[in-house]
Amino acid sequence: MAVTVERDDVQPEETYDFRRLEAKWRPVWDELDPFDTSKFEDDRPRKYVLDMFPYPSGDLHMGHAEQYALGDAVARYWRHRGFQVLHPIGWDSFGLPAENAAIKRGGEPREWTYENIAQQRDSMRRYAASFDWNRVLHTSDPEYYKWNQWLFLKMYEKGLAYRKESSVNWDPVDQTVLANEQVLADGTSERSGAVVVKKKLTQWFLRITDYADRLLEDLDQLEGKWPHKVLTMQRNWIGRSYGADVEFAIEGRDEPVSVFTTRPDTLYGATFMVVAPDSDLAEELAAGASEETQQRFREYLTHTQQMGAIDRQNADRPKTGVFLERYGINPLDGSRLPIWTSDYVLADYGHGAIMAVPAHDQRDLDFARTFDLPIKIVVEPTEVEEGVEYDPAVTGVALAGDGQLINSEELNGLTKDDAIAKAIEILAERGTGRAAKNYRLRDWLISRQRYWGTPIPIVYDEADNEIPVPEEQLPVRLPDGEGLDLKPKGSSPLGAATEWKTVTLPDGSPATRDTDTMDTFVDSSWYFLRFLSPNNDAEPFDQEELKKWAPVDQYIGGVEHAILHLLYARFITKVLYDLGYVSFTEPFSALLNQGMVVLNGAKMSKSKGNFVKLGDELNEHGVDAVRTTMLFASPPEEDVDWADVSVSGSGKFLARAWRLAHDVTSEPGVDFTTGALELRRVTARILDEVPKLGETFKYNVIIARLMELTNATRKAIDGGVGAADPAVREAAETVAIMLDMFAPYVAEDMWQQLGHEPSVALVEWPTADPALLVEDSVTAIVQINGKVRDSFDVAPDIDEEEFKKLALETAGAQRNIEGKQVVKIIAKAPKFVNVVVKG
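Numbering-wise, the sequence shown is residues 1 to 839 according to full-length UniProt numbering.
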């Protein structure tokens, strides 16, 4: 569709006005809708560029400004390179912030959420991000979360969704459970900041552990495409380790207890066992102890449940525990091992119980020394200095390294690796153990005791049997939140929605809906697929669109999602692959993490008084200047310190660039080859260099090159070349097209003033004339013993011997080698010569 826009009269540079340009071009783009992908069905290659979608908590902030400037530069770059680009946007609009805001305001989460979406949407349109506004989605729309429920039911059918009673992470402030991934390194909730405690509840889980090996091994596909830091974080979170499951018989118990250990070679050194206080096993064993011990255990369990996981694993913390008056049997030597409970053992590691080998594990040693338990050395260090004491019972330092087995009967004399293999072989022969793998990863807990989320599509009959809601009855819609008490109380507010939760089964018997809602990370685990056909009522994503665009070619977002969101999205993609819905196993082919926007080296915070409002910056400097500053400040992965940047400097550069288009007097279509050669060479070098820089996201360097071209063009206009020279038009058009990545308002206005129809965003970059890249001469450097002493101009294809000869003849070389012996001449024609002399 053609859009006619009045061309401005040429005005003085000081009248450059970003407000006028923003007011002029936004309605044009609204009418033109240049990024609607449905309009461009042709044979061009495709790119799917995706920014991590925002949560609608207030207006856009400085972090959003950086992320969407970066993501938009990527999308615009690929359009200029001749690709069809899908660049959608939506809102991750379920979740606790909306619910907590509604509680505080006395309103309803839906109203707060959609008001914020409207505000952010308007700000994004002002920010001129090149989104396809016909593909917008909100995860809190029933049309979206219907397919969350569909996905849940598909996983339920395959046994990948299950319900069980478990010790879970409990946020005491938000009064809801958290997945392991939502507990921060310091043991606090990533939601509320409260110290997470343990609580037993019956909850829904997704079997992500069934995919642990694939999640780990498929990371190899992403090497060099995802940041190394993110790959390492994912590998560490999955945490695969090899060892053995060892069966310990327990006196007075029919079933043995399985213990995972990476060091089955040290079994002869086990002198006691420890179980996690919050494990079912500890509760069972304590029940058979004396009343006094049971009371001590209950008190100890309460204390443990109030601790964070990080505190519990702090190696420097004094060891505490309770003897449970029970004994296990070592499966190799038959010795009796007293069973203790201690908070340094976690219920979700291995099987919640360990064999303690104090001579060779520091935490076990500290515990043994605290409670005067036996310490037996079974691995002798490889190198022992004569006269130096190494017995851990004396030194207090465990022997954790390699060595040779001692005091271990048939394992004596073996090295660590051989002893591990032999120990597993013996255990297998006796039926008391086997080789095993263990993972840090635990199944994904998705139940949440809050209102503003996707209802779980399960009902329960009077016998508490699980009954899936039929697909044709989806979506199970949230009831109206008006009148519900949304305050966190340890159970879902939906429990009070009596009419909603009470249903009748086909046989007429009563049933009750599940009143928990899903973790909002379910919403974001597959949203990139819904963008392919967000208005499709018949299926979650259209297969034809899937073939065109998926998987995502370039994903952009913060490193804070390195584990949570990315791990879950990878898991769900593999599930959909196994179910036959997608043909790929990784959702995001490449990942780019942007840094943070900080102020004076510190993270911005309203409470700390170092908060910069994006709206204020846009009103003062304009969208283009803020976007350009964001990308000029540093490489994308580094932080931008807003105290160190010059937004006004960016504005001055944009004014100079804008003025170029007004000063050009030649007509569109003029023959560039007749233009001034020197300026044409500058333009050609930039046309040749910028695509390579764009491939590696060096946008700060691209902006620097555009500044150079702008200055060179201004010099040509004001000097002897003049504004009518075709080379000036070529340079100005190049600036306009390339500037579109960073400053779309200025770029569009320049393009119009140069006599072209909008939109410049859809114009492919011109290619450099190879003849203009060939230099007539090169300035070579002459060094004497590594120090620069002269320079001279030579032909680019000069012969190396001739190159050396001319270098030695330069005045600088003659002065510095006179009276000295030339030892060696190192030459790299046509760039430099280094003459090594002595004397």
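The set of hints was computed from the structure by calculation and includes no laboratory data. Hints may contain errors.
Subject to a maximum C-alpha distance of 27 Å in a straight line, what follows is the list of computed DSSO-like cross-link-like pairs (lysine-lysine) [as the list claims (entries may be wrong)]:
#1 K416 <-> K154
#2 K715 <-> K652
#3 K698 <-> K831
#4 K652 <-> K698
#5 K831 <-> K805
#6 K715 <-> K154
#7 K104 <-> K831
#8 K489 <-> K24
#9 K164 <-> K154
#10 K104 <-> K547
#11 K199 <-> K164
#12 K487 <-> K104
#13 K229 <-> K200
#14 K24 <-> K39
#15 K229 <-> K787
#16 K501 <-> K24
#17 K698 <-> K47
#18 K225 <-> K200
Structure-based check of all given hints:
1. K416 <-> K154: Violated - the C-alpha atoms of K154 and K416 are around 46 Å apart, more than 27 Å.
2. K715 <-> K652: holds, 16 Å
3. K698 <-> K831: Holds: K698 and K831 sit about 25 Å apart, inside 27 Å.
4. K652 <-> K698: Distance ~22 Å between K652 and K698 Cα, so the pair holds.
5. K831 <-> K805: holds, 14 Å
6. K715 <-> K154: Violated, at roughly 66 Å.
7. K104 <-> K831: Given pair K104, K831 is violated - Cα atoms ~69 Å apart, limit 27 Å.
8. K489 <-> K24: Given that 27 Å is the threshold and the Cα spacing comes to 52 Å, the pair is violated.
9. K164 <-> K154: holds, 19 Å
10. K104 <-> K547: violated, 45 Å
11. K199 <-> K164: Status holds; Cα separation ~13 Å.
12. K487 <-> K104: Within the cut-off at roughly 9 Å; holds.
13. K229 <-> K200: Not satisfied, since the Cα-Cα distance of roughly 35 Å exceeds 27 Å.
14. K24 <-> K39: Given that 27 Å is the threshold and the Cα spacing comes to 24 Å, the pair holds.
15. K229 <-> K787: Between K229 and K787 the Cα gap is close to 40 Å, so the pair fails against 27 Å, i.e. violated.
16. K501 <-> K24: violated, 52 Å
17. K698 <-> K47: holds, 19 Å
18. K225 <-> K200: violated, 41 Å
The structure does not agree with the numbered hints 1, 6, 7, 8, 10, 13, 15, 16 and 18 stated previously, though it agrees with the rest.
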